[in-house]
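J.: Heads up, the numbering used here is the position in the sequence shown plus 8, with the first residue counted as 1.
These aren't lab readings, by the way, just hints derived from the structure by calculation.
Remember, predicted model here, so these are calculated numbers, not experimental data.
Just so you know, even glycine gets a beta-carbon here, dropped at the ideal spot from N, CA and C.
One should not assume that every hint holds.
[What the hints assert, rightly or not] The following label-pair restraints were derived from C-beta to C-beta distances:
id	residue 1	residue 2	range
1	ALA199	PRO76	37 to 45 angstroms
2	GLY197	GLY228	49 to 57 angstroms
3	ALA175	THR275	23 to 31 angstroms
4	SER200	ALA179	22 to 30 angstroms
5	GLY86	GLY237	25 to 33 angstroms
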Amino acid sequence: MKPVVLTCGEPAGIGPEVAARAWAALADRVPMFWLGDPRHLPAGTPFEVIASPAEASGVSGRALPVLPHPFAGGALAGHPDPANASGVIEVIARAVALVQAGDAAAVCTAPIHKKALQDGAAFAYPGHTEYLAALAGGCDVIMMIASDQLRVVPATIHIALSEVPSALTPALLRRTIEITHSSLQTQFGIASPRIAISGLNPHAGEEGAMGREEIAWIAGLVGDMQAEGFSLTGPLPADTMFHAAARARYDVAIAMYHDQALIPIKTLDFDRGVNVTLGLPFIRTSPDHGTAFDIAGKGIANPSSMIEAILMAHRMSQT
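The task is simple: from the sequences and hints, build the whole structure.
T.: Listed below in structure tokens is the structure:
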């Protein structure tokens with residue numbers, strides 16, 4: 009069974025800490041190894057250096073397997089060192105290469121700090137996801153946040169709310185639905201995914217009284233794709249599609265903008281949400297939190313999201 013590769017992320021953040029604690033929780037359940045500089049692990053972490061991913065399974069029961077990647081700087085909790093920026097970027101690229109070569113089953117990435125990468129290595133990408141897409145040769149990717157209670161995909165992500173109506177186009181929504189549908193089939197083993205589509209406006213526009221996007225084109229696109237064989241419902245009022253009975257009727261919800269998607273899942277399952285990148289030719293998951301510099305090094309970071317991200321990567325690789 010091939011292991012999941014855990015990237016180190018920003019050494020000054022909580023990534024190394026939650027990775028070590030996730031390994032302790034999953035050592036006997038999921039083959040994995042950590043890719044990074046062993047100096048950056050929390051003091052007292054039982055680890056063992058490995059020469060290749062193939063050695064990880066034999067080590068994981070007694071220590072965190074570490075495939076070493078030397079960094080230029082140390083790690084002072086809460087204070088990113090620009091000297092480490094290149095190492096952070098290199099580790100991501102190396103992890104992807106290991107998965108693409110068939111040496112690892114999936115990538116689980118720890119949080120990075122984009123400003124530190126831009127300051128220290130002129131990182132040219134808005135974030136992790138765009139860099140991963142570039143490493144894959146350039147492909148359309150979307151973000152899904154998932155837990156046992158809910159899967160959500162925002163059609164638009166990190167833009168101002170005022171920009172959403174113009175950014176949200178029929179082509180974008182269609183591609184989001186197509187990628188989501190295909191990924192649920194190939195990576196989650198759901199043969200006929202049921203997809204709920206939210207409206208953009210309150211009450212899904214209420215027949216044009218609160219906005220016309222639903223009438224003008226969203227409902228028509230949903231109807232066209234239903235005729236093509238997609239199992240879609242919507243556009244639905246976002247305020248009534250996330251209670252328990254509604255969630256039982258679909259496998260994933262596609263929302264029109266960031267908060268419309270992420271508020272429900274973070275309310276339902278704040279500590280266990282997992283960020284999954286759909287559309288990549290390999291599996292990538294990540295905990296749904298940032299570097300948390302304010303608590304780094306204090307031993308209080310909650311590893312639940314990292315644990316769930318590793319478990320999800322492992323389950324997806326077995327589909």
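J.: Against each hint, give a clear statement of whether it holds in the structure.
T.: Right, here's what the structure says about each hint:
1. Judged by the Cβ atoms, the range 37 to 45 angstroms given for ALA199 and PRO76 holds: they are separated by roughly 42 angstroms.
2. For GLY197 and GLY228, the hinted distance range of 49 to 57 angstroms is not satisfied, since their beta carbons lie about 31 angstroms from each other.
3. In this structure the supplied range 23 to 31 angstroms holds for ALA175 paired with THR275, their Cβ-Cβ distance being about 25 angstroms.
4. Range check, SER200 to ALA179: Cβ separation about 24 angstroms, and the 22 to 30 angstroms hint holds.
5. Checked against the hint of 25 to 33 angstroms, the pair GLY86 and GLY237 fails, with Cβ atoms roughly 51 angstroms apart.
Checked against the numbered hints given earlier, the structure breaks hints 2 and 5 and satisfies all the rest.
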